[in-house]
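Asks: Chain residues, written in single-letter form:
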Amino acid sequence: MRFSIYRYNPEADAAPTMQTMELADADITPDMMLLDALRLLKAQDESFTFRHSCGEGVCGSDAVNINGRNGLACITPVVDLAQPITIRPLPGMPVIRDLVVDLSQFYHQYRAIKPYLVVHDPEPEVEYLQTPQQRDKLDGLYECVLCGCCSTACPSFWWNPDKFRGPAALLQAYRFIADSRDQATAERLDALEGPYRLFRCHTVMNCVDVCPKGLNPTKAIGQIKKIMLKHLI
Amino acid sequence: MTIPVRKFDTLVIGAGGGGLRAALQLAQAEANVAVVSKVFPTRSHTVAAQGGMNAALANVSPDNWHWHMYDTVKGGDFLGDQDAIEYMCRAAPRLVVELEHIGVPFSRLDNGKIYQRPFGGQSQNFGGEQAARTCAAADRTGHAILHALYQQNIRAKTHFFDEYFAIDLIRDNDGCILGALVLEIETGEPLIIQAKTTLIATGGAGQLFRTNTNARINTGDGMAMALRAGIPLQDMEFFQFHPTGIAGKGMLISEAVRGEGGYLVNGDGERFMERYAPNARDLASRDVVSRAVATEIHEGRGCGPNKDYILLKVDHLGADVIRKRLPGIRDMVMTFLHIDPINQPIPIFPTAHYTMGGIPTNRFGQVVVPQQQGAEDIVPGLYAVGECACVSVHGANRLGGNSLLDIVVFGRAAGNHIIEYLKENRYGRTVVAQHSIDTALAHLARWDQRSQGVSNETVDGLRNELKAVMDHYCGVFRTEDVLRTGLDKVLKIEQRLQNVYLKDHSKIFNTARIEAFELENLVDLALATVASALARKESRGAHMRMDYPQRDDVKWLKHSLFFKGGQLDYKPVRMKPLTVEGFSPKPRVY
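Residue numbers (the working numbering), protein chains in the order written: chain A, 1490 to 1722; chain B, 40 to 629.
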């Protein structure tokens, strides 16, 4: 099985290169995930660098660009991929080394939407009540693993990563707006005003296409816009 | 070489649920707290916890903390410390409510309260009817809790050192811990984080085994660091094998699947758990179910062409229950097995899951060691919580749903105790002993050494060997011969590790170097595990000795303490709870 892999070590390399790497057919099993393959490649060449941890798609560490499409290596079956399998770091982010990118801006945008429940009322001694229907509204939102696949696939985020919050952060903004317990909707909406933070979304829908958890940030952004409109009139 | 120094009130090592809960407590009390984590916090392994967190809320079945306490003591085969268990079970309802208040999206009942599901080893009224005590956010409870705790820490402006790897603890001339030497992974630069108090919350060591449910990062770094600092590890022979890992792969299939009504069948289509646990059946405690599964396969009643797995049947639950309550499990089974559990049973096999042992602490999270005065002298300024610690609430076998509880209860308790400690030690010790820094730096420099000759040993090769040895020689069923062979093999691996050299000496994001440090840690923990298992000549909880099949309360109702270098010591179990009467050991049947 042939791979073409983005390699760059700023200490040693003047510029990034695409390196051909190979695994023997005997090493490939039908149910192998891309992460398994990357680890075998690292066993051949320990300097090959990428992040990974849980191996089952819940920690969000091993987001990479696979044959031109962002995804999590650990839940991407390798036999489905056209060869040579081309692996690059997530697009639009500064590369630290090989497939490891600097996600500071992505995390900054996440922190900027105040991703925590805000309640002004005094706390009861028991749980806040929430009906199953109210709770259902959080499905498709809270499951985000912050892998960065969506935001780094978004042309608006490529152009304005400092101003546009990006699909991942906006999905979380809506997660709190949609939570029946949260009491900061007005502030959250105010904080998304202006031409960039929210409204740079041009519904290209790359985010929906690549989300490894099957979430829909475009829809969440649409919902926020709808609520903003309601608040206006 | 001058190493930069940063100073904080508290250094928290590890950003899983335990570390983040403690950090939150501290940040809210306006202590100056630094959290060091080798991965971005939401990548910590708490994120993978599925089924839920136990608390006697009684939202679904009648319940109270005392019943929860009984189940936990019994589940741990009477090795748990009952003061800590009472403390945890009493605190549980309050802490679940607190998590709900900070935003955890728990599933809900029709009346709007938190949804609770039955889990293994839970009973009403001290061994009666099945209880439903596990508070759940579908089957992503760990994810929900970890993200909420991280979010609250963002709000509290906790100082994070993301992607820093802790090398070793540092101390003053009196032996008090004053922080750690850490390595910034991105730059390869060392940094000393000096702190009046240090909390280790680095999680378990599931990577000791080849087939495990754990993330790659679970290499027990904090436990190994403690060992190197002269602190013993407690009860390391007790390693939990989860009955339902995906066969041949290891991904966890939550106990929630059986809690929601799934059950196990063997190759004859028999619900065999009825033979092993007539009352609790598939919801007996994990050690019991794992042994039953292993026995069925061993005796030729497995499923499939090679009779090498057991089936977990769920298709009778109906699509609605599976979609609503077990969506993550369904995703995972579809991804890794290409089958839909709505229609097909899941092939499973017992899989290494949880480290019951760890750094000995009391119920305030303070690290305690045997010294001149007694078995439990406090190490001033050093704390540990969660899977890396042994407080011990899980005893010889942890109940499902008690680990998320453990991390928040003792994360919070340690945070509170540290706040008190800081008040009393405002002008605490400030002089780090040079020899302590030198030792840590020497350790750091180990992997800068370059090969002098030709050595074929690699970190990857040796790690694979170690994990295979642990699978074969320290698994579900153990004997003297098998363990002795295992110990020899681990000792040889320890020797061979001396001859491993890296080829990659780059400073920038050098994961080869991190993996080498992790392997050193794993080797130390493998020795602790096998040596403690070899010494314990009885069967209790997860530790099953075929040559000593009975529990022996006369000789072995005691905690093991393993020191680096190999010596073992023992200390009594705290059988006296805080306010209620203790539960005395009795035969454990489910």
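It cannot be assumed that every hint is accurate.
With a straight-line cut-off of 30 Å between C-alpha atoms, the simulated DSS-like cross-links for lysine-lysine are [as the list claims (entries may be wrong)]:
1) A:K1603 x A:K1708
2) B:K528 x A:K1531
3) A:K1652 x B:K196
4) B:K363 x B:K152
5) B:K196 x B:K46
6) B:K546 x A:K1708
7) B:K528 x B:K610
8) A:K1531 x B:K196
9) A:K1626 x B:K196
No lab work stands behind these hints: they were computed from the structure.
Asks: Confirm or reject each hint.
Replies: Verification of the hints:
Only pairs whose Cα atoms come within 30 Å are accepted, and K1603 of chain A paired with K1708 of chain A is accepted, the gap being roughly 20 Å. Between K528 of chain B and K1531 of chain A the alpha-carbon distance is near 26 Å, which keeps this suggested pair within the 30 Å criterion. At roughly 22 Å between alpha-carbon atoms, K1652 of chain A and K196 of chain B fall within 30 Å of each other, so this suggested pair holds. Between K363 of chain B and K152 of chain B, the direct Cα distance comes to roughly 17 Å. Compliance with the 30 Å bound is thereby established for this hinted pair.
The straight-line distance between the Cα atoms of K196 of chain B and K46 of chain B is roughly 17 Å, inside the 30 Å bound, and the hint therefore holds. Our distance criterion of 30 Å between C-alpha atoms is broken by K546 of chain B and K1708 of chain A, whose separation comes to about 43 Å. Restraint check for K528 of chain B and K610 of chain B: the C-alpha separation of about 28 Å stays at or below 30 Å, so the hint holds. A C-alpha spacing of about 37 Å is found between K1531 of chain A and K196 of chain B, which places the hinted pair above 30 Å, so the restraint is violated.
This hinted pair checks out: K1626 of chain A and K196 of chain B have alpha carbons roughly 29 Å apart, not beyond 30 Å.
Hint compliance for this structure: hints 6, 8 are not met, and every other hint is.
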